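Participant: Protein chains in written order, with this note's numbering: chain A, 2 to 345; chain B, 2 to 345.
Calculated directly from the structure, the hints in this document are not laboratory data.
No experiment lies behind these values; they were computed from the predicted model shown.
Honestly, I wouldn't trust all of these hints.
Same chains, same names: a pair is fine if it fits in one copy or spans any two.
As the list claims (entries may be wrong) - In silico DSSO-like cross-links for lysine-lysine, where the CA-CA straight-line distance does not exceed 27 Å: (1) 290 <-> 276; (2) 145 <-> 263; (3) 290 <-> 333; (4) 290 <-> 145; (5) 148 <-> 310; (6) 333 <-> 150; (7) 310 <-> 263; (8) 276 <-> 310; (9) 173 <-> 145; (10) 333 <-> 148; (11) 150 <-> 263; (12) 290 <-> 263; (13) 290 <-> 173; (14) 276 <-> 263; (15) 173 <-> 148; (16) 150 <-> 290.
Number of protein chains: 2
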Amino acid sequence: MSESTTSQSTRIVLASRPEGAPTADNFRVETAALPEVGDGQILLRVVYLSLDPYMRGRMSTAKSYAAHVELGDVMVGGTVGQVVESRCQGLEPGDYVLAGAGWQSHAVVDGSVVRALDPQAAPLSTALGVLGMPGFTAYSGLLKIGKPKEGETVVVAAATGPVGSAVGQIAKVRGARAVGIAGGPEKCRALLDEFGFDVALDHRDPQFADALAEAVPDGIDVYFENVGGAVQEAVWPLLNTYARIPVCGLVAQYNGVDLDRKDRLPGLFGSILTKSLTIRGFIQTEFVKEMYGDFLREVSAWVRDGRIKYREDIVDGLENAPEAFIGMLEGKNFGKMLVRVAPE
Amino acid sequence: MSESTTSQSTRIVLASRPEGAPTADNFRVETAALPEVGDGQILLRVVYLSLDPYMRGRMSTAKSYAAHVELGDVMVGGTVGQVVESRCQGLEPGDYVLAGAGWQSHAVVDGSVVRALDPQAAPLSTALGVLGMPGFTAYSGLLKIGKPKEGETVVVAAATGPVGSAVGQIAKVRGARAVGIAGGPEKCRALLDEFGFDVALDHRDPQFADALAEAVPDGIDVYFENVGGAVQEAVWPLLNTYARIPVCGLVAQYNGVDLDRKDRLPGLFGSILTKSLTIRGFIQTEFVKEMYGDFLREVSAWVRDGRIKYREDIVDGLENAPEAFIGMLEGKNFGKMLVRVAPE
Chain A
2 MSESTTSQST
12 RIVLASRPEG
22 APTADNFRVE
32 TAALPEVGDG
42 QILLRVVYLS
52 LDPYMRGRMS
62 TAKSYAAHVE
72 LGDVMVGGTV
82 GQVVESRCQG
92 LEPGDYVLAG
102 AGWQSHAVVD
112 GSVVRALDPQ
122 AAPLSTALGV
132 LGMPGFTAYS
142 GLLKIGKPKE
152 GETVVVAAAT
162 GPVGSAVGQI
172 AKVRGARAVG
182 IAGGPEKCRA
192 LLDEFGFDVA
202 LDHRDPQFAD
212 ALAEAVPDGI
222 DVYFENVGGA
232 VQEAVWPLLN
242 TYARIPVCGL
252 VAQYNGVDLD
262 RKDRLPGLFG
272 SILTKSLTIR
282 GFIQTEFVKE
292 MYGDFLREVS
302 AWVRDGRIKY
312 REDIVDGLEN
322 APEAFIGMLE
332 GKNFGKMLVR
342 VAPE
Chain B
2 MSESTTSQST
12 RIVLASRPEG
22 APTADNFRVE
32 TAALPEVGDG
42 QILLRVVYLS
52 LDPYMRGRMS
62 TAKSYAAHVE
72 LGDVMVGGTV
82 GQVVESRCQG
92 LEPGDYVLAG
102 AGWQSHAVVD
112 GSVVRALDPQ
122 AAPLSTALGV
132 LGMPGFTAYS
142 GLLKIGKPKE
152 GETVVVAAAT
162 GPVGSAVGQI
172 AKVRGARAVG
182 IAGGPEKCRA
192 LLDEFGFDVA
202 LDHRDPQFAD
212 ALAEAVPDGI
222 DVYFENVGGA
232 VQEAVWPLLN
242 TYARIPVCGL
252 VAQYNGVDLD
262 RKDRLPGLFG
272 SILTKSLTIR
282 GFIQTEFVKE
292 MYGDFLREVS
302 AWVRDGRIKY
312 REDIVDGLEN
322 APEAFIGMLE
332 GKNFGKMLVR
342 VAPE
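One chain only, chain A, in its complex shape (with noise of 0.2 Å):
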């Protein structure tokens, strides 16, 4: 890899889209003249670069909530920068901001769609997880559709995750009883003694969906629904009437399905009716304006009073991005995936 300079990036496009899991060959590291930077807009170097599953989605031209993106396109992706020149009021060299700068060593942004961090206030990195995007989808996720109720049972899964142990830790708060299903004997371990889940489940266990009946004697009131796949299929029996489904991912099938399987469609739909369920699916940005504020200021407190933990799993230099989002794909991340581009 070539060393960036501040005339230039390094940045990693979409090479080519992937036919089910993306591999190497779908990314292509590049070298890049950096534009001039225009009045309101700031030149930024990236520090973090987070890796979150929905950029999946954007790799494929399938329907989706976002524009995907174009071959030959720098990966679309939430960073932490700090600035190096700015041409924009109110934001100085050195500052810290949380911008969308994607899968590169430095871009120019327009300043107004940047938010300055306090680099005292909480560490840099949690702008890109617990106190970021991800924090934001299980709190507005959980809080304005799933609605826990005091000793209700709440399900989530890719609990280690930062948007999984976001849910299980405030649906604590909320007095609500929280049961987390994660992969292998070290990330349920940490469920119940970092992240204070009052169950873990390892879905890799061959008895995970009876594990899963036994751990939930009065039923399933919100199933936070961010994997699909076999979870899905184990909660759906369990769920009580009016159960919530806040939907906000599917990380199960970004990456294909098994075709040869019967209809399950009207099954659904007769427990949808049965059971008086509610499905609701769900992008954050929806809820920005409502709860933004709300939530920076009560999930900080959280985090400040030892209530909300949260844990990072970091990878160092740009070139390792793409070894790094597959294995998130398949579970191997421990934690908030980041990639740390360059030192703080």
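Please build the complex by placing chain B on the supplied structure of chain A, with the hints as guidance.
Facilitator: Chain B in isolation, oriented as in the chain A frame:
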């Protein structure tokens, strides 16, 4: 059929459970002695019996939102009846009441669970239709879950039925565009001429899916789901972001589904996620406490001033109830299906 006296009831019991579509063999006519009228009870002679799709569910032992009918028991159902004998304060012989007496000519019921009807205020039969359970299903599901806004597009099937026709007309009252789906040209004409829908579509038209797409140039904001099946499938790709789908019935799949289809569940969840859909099953009883007073007041007024029309399909004679019920599940009725068990 033997003539019933007030010491006896002619009744239709569940003789066997249907496999697929019910047949006449699943029902049996019997005469049974009536119990004594106890303290707080009344003896009713049934005037109208309501036939509704939900009854198909009660004939099976599959898990549903209500207990199934046991073999040999009287089929359940809403009725309008007249008090013959009363040991309940506030109810006199000659009074008309709404009661769940089931498929029989006479019944002894608790006075506490009936609702007195004023035959001067509205035709007695409307208490089983537009001003009863079907009307309230439409009103509560549409307003509480569908939440149509002015200018939005609302789609409903079985649209000449008691639920569908009320859905379309209440949507119009709220300033939305109403697209009705029904079977055959006669019903489609009634949707336009009688019920004031903006568009009427025949689901038997081989080009139905294309016709629906053409009829909703701005997409679908509310799909009031009361049938499932092919109509649901045509609606799905046309739903807008943030579309709402109240689910109150799935008559197209009550008698069985095509088991050879590919699994559509992952695709459904994909749509839920990418379009931020809300799917919500409900039974009208959930909203009775909160909304029934408003419903009676508002819809009674709309019926009086002609903004809401209704149509009834009345069959004479309790012994004809099974055939009428079987036909209704096939869409042969035209309006709210009622059995006139005895003259008013």
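Participant: Against each hint, give a clear statement of whether it holds in the structure.
Facilitator: Cross-check of the supplied hints:
Taking the closest pair of Cα atoms, residue 290 and residue 276 come within 27 Å of each other only across two copies (19 Å); inside a single copy the shortest separation is 32 Å, beyond that limit. Taking the shortest Cα distances, residue 145 and residue 263 never come within 27 Å of each other, neither inside one copy (33 Å) nor across copies (34 Å). Taking CA atoms no more than 27 Å apart as the test, residue 290 paired with residue 333 passes in neither setting, with 34 Å inside one copy and 50 Å between copies. In the homo-oligomer, the alpha carbons of residue 290 and residue 145 lie at most 27 Å apart both inside one protomer (13 Å) and across protomers (23 Å), since each shortest distance falls under that limit.
Proximity of residue 148 to residue 310 under the C-alpha cut-off of 27 Å is restricted to the intra-copy arrangement: shortest distance 21 Å within a copy versus 38 Å between copies. When the C-alpha separation of residue 333 and residue 150 is checked against a cutoff of 27 Å, the pair qualifies neither within a copy, at 33 Å, nor between copies, at 45 Å. For the identical chains of this complex, residue 310 and residue 263 are neighbours neither inside a copy (41 Å) nor across copies (42 Å), given an alpha-carbon limit of 27 Å. When the C-alpha separation of residue 276 and residue 310 is checked against a cutoff of 27 Å, the pair qualifies neither within a copy, at 34 Å, nor between copies, at 32 Å.
Taking the shortest Cα distances, residue 173 and residue 145 sit within 27 Å of each other inside one copy (16 Å), while across copies they are farther apart (29 Å). For the homomeric pair residue 333 and residue 148, neither the shortest alpha-carbon distance inside one copy (30 Å) nor that between copies (42 Å) is at most 27 Å. When the C-alpha separation of residue 150 and residue 263 is checked against a cutoff of 27 Å, the pair qualifies neither within a copy, at 36 Å, nor between copies, at 38 Å. Taking CA atoms no more than 27 Å apart as the test, residue 290 paired with residue 263 passes in neither setting, with 42 Å inside one copy and 40 Å between copies.
For the homomeric pair residue 290 and residue 173, the shortest alpha-carbon distance inside one copy (25 Å) is at most 27 Å, but the shortest distance between copies (31 Å) is not. In the homo-oligomer, the alpha carbons of residue 276 and residue 263 lie at most 27 Å apart both inside one protomer (22 Å) and across protomers (25 Å), since each shortest distance falls under that limit. In this assembly of identical chains, residue 173 and residue 148 lie within 27 Å of each other by CA distance solely inside one copy; the values are 12 Å within and 32 Å between copies. Taking the shortest Cα distances, residue 150 and residue 290 sit within 27 Å of each other both inside one copy (24 Å) and across copies (21 Å).
Hint compliance for this structure: hints 2, 3, 6, 7, 8, 10, 11, 12 are not met, and every other hint is.
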